[in-house]
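*Asks:* Residue strings, one per chain:
Number of protein chains: 2
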Amino acid sequence: MSDPRQRRITALADGLTAAHVDGLLVTSLANIRYLTGFSGSSALLFVSARDAVLITDFRYQTQIAEEVGDLARISIEPQSLWVGLWHQLAQLSYVEVIGFESGHLLHRDFQRLLEHGGRWQWRPTVDLVETLRERKDAGELALIEVANGIATRALERTLPQVKVGMTELQVAGALEKALRDEGSEGFPFPSIVASGPRSALPHARSSERAIEDGDFLLLDFGAEHHGYCSDVTRTAVVGRASDEQRAIHDVVRTANAQAARGVRAGMTGRDADAIARDYIEQRGYGELFGHSLGHGLGLEVHEAPRLARTAEGALAEGAVVTIEPGIYRPGWGGVRIEDDVFLGPDGPRILTSFTRELIELG
Amino acid sequence: MSDPRQRRITALADGLTAAHVDGLLVTSLANIRYLTGFSGSSALLFVSARDAVLITDFRYQTQIAEEVGDLARISIEPQSLWVGLWHQLAQLSYVEVIGFESGHLLHRDFQRLLEHGGRWQWRPTVDLVETLRERKDAGELALIEVANGIATRALERTLPQVKVGMTELQVAGALEKALRDEGSEGFPFPSIVASGPRSALPHARSSERAIEDGDFLLLDFGAEHHGYCSDVTRTAVVGRASDEQRAIHDVVRTANAQAARGVRAGMTGRDADAIARDYIEQRGYGELFGHSLGHGLGLEVHEAPRLARTAEGALAEGAVVTIEPGIYRPGWGGVRIEDDVFLGPDGPRILTSFTRELIELG
Numbered sequence: 012m013s014d015p016r017q018r019r020i021t022a023l024a025d026g027l028t029a030a031h032v033d034g035l036l037v038t039s040l041a042n043i044r045y046l047t048g049f050s051g052s053s054a055l056l057f058v059s060a061r062d063a064v065l066i067t068d069f070r071y072q073t074q075i076a077e078e079v080g081d082l083a084r085i086s087i088e089p090q091s092l093w094v095g096l097w098h099q100l101a102q103l104s105y106v107e108v109i110g111f112e113s114g115h116l117l118h119r120d121f122q123r124l125l126e127h128g129g130r131w132q133w134r135p136t137v138d139l140v141e142t143l144r145e146r147k148d149a150g151e152l153a154l155i156e157v158a159n160g161i162a163t164r165a166l167e168r169t170l171p172q173v174k175v176g177m178t179e180l181q182v183a184g185a186l187e188k189a190l191r192d193e194g195s196e197g198f199p200f201p202s203i204v205a206s207g208p209r210s211a212l213p214h215a216r217s218s219e220r221a222i223e224d225g226d227f228l229l230l231d232f233g234a235e236h237h238g239y240c241s242d243v244t245r246t247a248v249v250g251r252a253s254d255e256q257r258a259i260h261d262v263v264r265t266a267n268a269q270a271a272r273g274v275r276a277g278m279t280g281r282d283a284d285a286i287a288r289d290y291i292e293q294r295g296y297g298e299l300f301g302h303s304l305g306h307g308l309g310l311e312v313h314e315a316p317r318l319a320r321t322a323e324g325a326l327a328e329g330a331v332v333t334i335e336p337g338i339y340r341p342g343w344g345g346v347r348i349e350d351d352v353f354l355g356p357d358g359p360r361i362l363t364s365f366t367r368e369l370i371e372l373g
Numbered sequence: 012m013s014d015p016r017q018r019r020i021t022a023l024a025d026g027l028t029a030a031h032v033d034g035l036l037v038t039s040l041a042n043i044r045y046l047t048g049f050s051g052s053s054a055l056l057f058v059s060a061r062d063a064v065l066i067t068d069f070r071y072q073t074q075i076a077e078e079v080g081d082l083a084r085i086s087i088e089p090q091s092l093w094v095g096l097w098h099q100l101a102q103l104s105y106v107e108v109i110g111f112e113s114g115h116l117l118h119r120d121f122q123r124l125l126e127h128g129g130r131w132q133w134r135p136t137v138d139l140v141e142t143l144r145e146r147k148d149a150g151e152l153a154l155i156e157v158a159n160g161i162a163t164r165a166l167e168r169t170l171p172q173v174k175v176g177m178t179e180l181q182v183a184g185a186l187e188k189a190l191r192d193e194g195s196e197g198f199p200f201p202s203i204v205a206s207g208p209r210s211a212l213p214h215a216r217s218s219e220r221a222i223e224d225g226d227f228l229l230l231d232f233g234a235e236h237h238g239y240c241s242d243v244t245r246t247a248v249v250g251r252a253s254d255e256q257r258a259i260h261d262v263v264r265t266a267n268a269q270a271a272r273g274v275r276a277g278m279t280g281r282d283a284d285a286i287a288r289d290y291i292e293q294r295g296y297g298e299l300f301g302h303s304l305g306h307g308l309g310l311e312v313h314e315a316p317r318l319a320r321t322a323e324g325a326l327a328e329g330a331v332v333t334i335e336p337g338i339y340r341p342g343w344g345g346v347r348i349e350d351d352v353f354l355g356p357d358g359p360r361i362l363t364s365f366t367r368e369l370i371e372l373g
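Taken in order, these protein sequences are the chains called A and B.
Position one of the first sequence corresponds to residue 12 (my numbering), numbered consecutively onward.
Position one of the second sequence corresponds to residue 12 (my numbering), numbered consecutively onward.
Check the hints yourself; a few may be wrong.
The list that follows gives simulated cross-link-like pairs (lysine to aspartate or glutamate, EDC-like), each with its CA atoms no further than 16 Å apart [claimed, not checked]:
no.: 1; chain 1: A; residue 1: LYS174; chain 2: A; residue 2: GLU219
no.: 2; chain 1: A; residue 1: LYS174; chain 2: B; residue 2: ASP192
no.: 3; chain 1: B; residue 1: LYS174; chain 2: A; residue 2: ASP192
no.: 4; chain 1: B; residue 1: LYS174; chain 2: B; residue 2: ASP120
no.: 5; chain 1: A; residue 1: LYS174; chain 2: A; residue 2: ASP224
no.: 6; chain 1: B; residue 1: LYS174; chain 2: B; residue 2: GLU219
Because the hints were derived from the structure by calculation, they are not lab data.
Start from the sequences, fold in the hints, and give me the full structure.
*Replies:* As structure tokens, then:
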């Protein structure tokens, strides 16, 4: 039982009785990776108290054996994963009622269950694996820390390269090269490099805009290590910061610090969000903080829990969450400062080691 | 009617009668972008012969106005897109039967339709927009050509930087930086840089493996321009190629050339696949070409049509497809050469301008 994947499968199987199902069909690839270690892009997994059966296609024959070992019975299907599923399920005589992941099954595939899987009863389930994933174990935490180290070292290498006249895309390229050089397996989401007035767009993509003296330069990006993500944002000024830039950066920095130190497992997502939001409101910028404070991260860059005004659930001990307050003044610019924080038994631990002071570039 | 998006919406609306629906709920973001130009990550679109209603959230208020103009009625929803949908539909008294995209709607959201949208009849549809997207217009073709130019110029800048001892991740970083410097908006898929024996894995990701003298180096990557993708593969040798490397590369190069010159609109995907496959089989490597010949590309890097042994449909005139034969010898290495090809009225036009001769690096 020292293999964390075996513990996870057992914990999931324990929960299936409460969900009134004999087994669960897992279709989320992130959930499959969490439970079995398989990192390919084509798989179906069936889990019960007695069995774990993983179905993939011939392209992954070598990889799946290496990654999964004897943790699950592996089936390589020549035709389609679904044909393989019917075949495998037919051999499990105790199975009558099967849960499926309502948030990870397309209607098209739901129709397959009804049409070709009619000999079983199918029951929608929600977040059975996601709830387990919210509490990171020591191994997962270590991987997220490595992904944070990759991200911050890449940022250190990138900032000195920024010059007036470079485009946002060029800065993104320098940053992404540094991420690769530091060993990032991939980019968990499209890197955002947003300059000047574009830094006020909370969902900017990097563009051909050339950086000007006096611009805010917002970089929101992440690294990936053994499937686990980091998600970091810093906002610098190109050249000398104005008083107003400095004042707004200061409010965001304090909101970030208060929330990162004040967030606790057991608190609701709403109360965590309020730590930063109340401070920003007090300082008169409440209208300009238009998104929520943060989200969980792990195998996916957005996962449970949510830190938001509408999040009534308690934050699980062991969760890793982003703390990312921002202030955005349309047409002028915006500041966001984002760290990843582990909610440990003794309080929060900030995983992102990079100055939060305002950096003036060049 | 000169706006291509208006033509697309009209063409879609014309097809709705045949599908026996009064309107279509579009949930695929690529389909929404194709029909309206909106590039955000949160939207629902309703289209009928009389109306086009696009629902998004407050984060995209500015962007959607710029991108969509008066092509659709825009609704910014404070609560959720779904609440907005019920509200908008309730105002369209002629609507009774609504199609939805079975391949782009999660079961969770399908349940919403039944529970909260019970005053309408919901009918699954398949590929109504995808079929339109298969035939590219002149504007789309021009964007794919730009994306091809970005990709090939980036490859030109990258190959001279490759040195023995670099890791695959470092080469990926150099390539991705060059893509950004050439203006790529993003990476349509995770770049594959696979060296030595890893080049034999058709679904390799870039790894920490250090490149050795004599290795095959396979690079499979793409660029993005105004949402449109390119998808290119070349395989070089680090140092001097062996006779066997040269022989296998030669077979793949000839298969690529024969298929790229021989593929035609109107041909089935199976017959197109067979051009390359028959040649590779004749040369005795049939067992080592384990994937299909290619796929359509456009706003997505994998879209209709398929060029594969199981693809019975005729290739549409105006499609852009990849031609990517490969030979993979497990444990030794593999070669793939991939170009993007436009299926015009007068025959195929190759959009990827980069030598297909075997390159020896360093």
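*Asks:* So which of the earlier hints does this model not fit?
*Replies:* Result: hint 4 breaks, nothing else.
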